[in-house]
Every structure is written in structure tokens, then in C-alpha cells.
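Visitor: Residue numbers 16 to 258, in this note's numbering, belong to the letters of the sequence shown in order.
A hint or two may mislead.
Keeping only pairs whose Cα atoms sit at most 27 Å apart, straight-line, the calculated DSSO-like set for lysine-lysine is [said to hold, decoys possible]: (1) Lys173 <-> Lys40; (2) Lys152 <-> Lys95; (3) Lys248 <-> Lys84; (4) Lys95 <-> Lys248; (5) Lys165 <-> Lys95; (6) Lys60 <-> Lys152; (7) Lys139 <-> Lys60; (8) Lys193 <-> Lys84; (9) Lys193 <-> Lys152; (10) Lys152 <-> Lys173; (11) Lys173 <-> Lys84; (12) Lys40 <-> Lys84; (13) Lys258 <-> Lys139.
Pair ranges (Cβ atoms, derived) [as the list claims (entries may be wrong)]: (14) Leu57 <-> Gln133: 30 to 40 Å; (15) Trp64 <-> Thr30: 39 to 49 Å; (16) His148 <-> Ile119: 14 to 24 Å; (17) Glu67 <-> Ser202: 38 to 48 Å.
Derived by calculation from the structure, the hints in this document are not laboratory data. Glycine residues also receive a C-beta, built at the ideal position from the N, C-alpha and C atoms.
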Amino acid sequence: MTDFIGYVADYQIRTNEIDISKRLKPSSILQLMQETSMQNVLDLKVSVWDLEKENISWILLKKHLQIEKSPVFGDSIRVKTYPAGFDRILAYRDFIMYDQQNEILATASSIWGLMDLQSKKMIKIPHYDFYNHLPDKLLERPSFSLHHLKKIDRSIEKHITWNDIDWNGHVNNISTIKLLLDAAPRSDIAYQTLDSLSVQFKNESYLKDHLISECQIEGKTIKHQIKRNGDNKIIALAKSLWK
């Protein structure tokens, strides 16, 4: 690696980011990672606003989150993210969250695509110059494949409102992940500490959609899916492991 082409940001954990145990919520971990990556793509001139003149935009396809330890309210943390390579129509990005002692709190690996906003089809990833300056050590790529649920143990429903919509005009990835996790039986102590989460995004969701979040419980592993009421299209699939 000749130079670092990622972005590093420091944060202090705020009250709106913690759960009942005063620890950083999984959705807040992902939100801080997403904020950091936005700063990185702005610097690299490949943000949604840089690409809109070409009528293309990044879409998140897969993400795997691994939590080693959750910081608590008031803790200072550091988040590092960087492009992690590409392969024809797939681009990779890593995230690492550290505490003040530089110990790893959480990691996330992700797969992205570039979508033509008119055709809604994936296009080939350009060989951007920053792909010539990758870190020497990369996270394992999220190669998992998830499937529709075979049975439904719990479900919740949600009507999409303006607060769920992002700058692309569809439901924000973080809102989707919150809805996935909200179907888990969080009142049970066995499902209050998340160890890992794998998410696969399948279709876009929009304002006024009526979504159903369902889960299948297998011990400390929960399989999840969100489908749209009406056409039954799967919006996202996930698997969470609890400890």
C-alpha cells in the first residue's frame, strides 16, 4: 500500500445511539460506519452527488457485521473505512471500529453495486484510481447466501413514512436493518446482545409501502426476512447470531 485512501472519523457515543443497557445499538454502529463512508466517497469524488450527472448510484447488496464489544454512552470511538477492491460489477468496502486503546470493537465488510437509475440494472464498476492503493490487509468478503424463511415464528408490520426515506428516494439501509432486528424477541435476555449480523438486500422499498418483517428462531440464531405486502417481493434477508 502506497498511501491510505480511506477515511477515519472520531465520535463520542450520544444518548440517542444507545439501548436500554446504555450500550451502542447495532443500528447505531452501522449508522456511524455509514456516515464515515459517506465522507470517504465525498473525498474520492464518487458520492451520490458526484455520480448523479451520469445517472448512476451506489446500492448496498450485502453487509456482514461482527461485534466484539459494544461501547457505552460517553465513550470515544474511532471508525475507519476504505475501498477494498472490485470485481466487474461488485465493489467491496471494509469498516473497522476501535476504542480509545485501539482495540477493535466491531468490523463490517460489504458489497456494493453501481445501478443505472433509468434501467435499474447493474453496470460494470470503473477501475477508479483509488483501487490501485488498497490496504495490505482486508476483511473477509461477505460471501454468504441467504434464503427465504421456511417457517415464521414472529412478525411485525410497518408502513413506510418520510423518516425512512433517504436521498435516493427509497428506504434507508439503516431503517431496513432496524425493521429486520425489531422482529427478534428482544424481551428475552438471550436475544439482547448481538454477536453478528449478515444482511442481503434484494429489492428497493418506497414511501407508503407496507412491509412485514418476519423471523425464524433457531436457538441463538435468527433468520429474518422483510417482504412487501401486496406483491410479496422480498426486500431483505438476514441472519443474526446472539450471545
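Visitor: Which hint numbers does the structure go against, in order from smallest to largest?
Guide: 3, 4, 5, 9, 10, 11, 13, 14, 15
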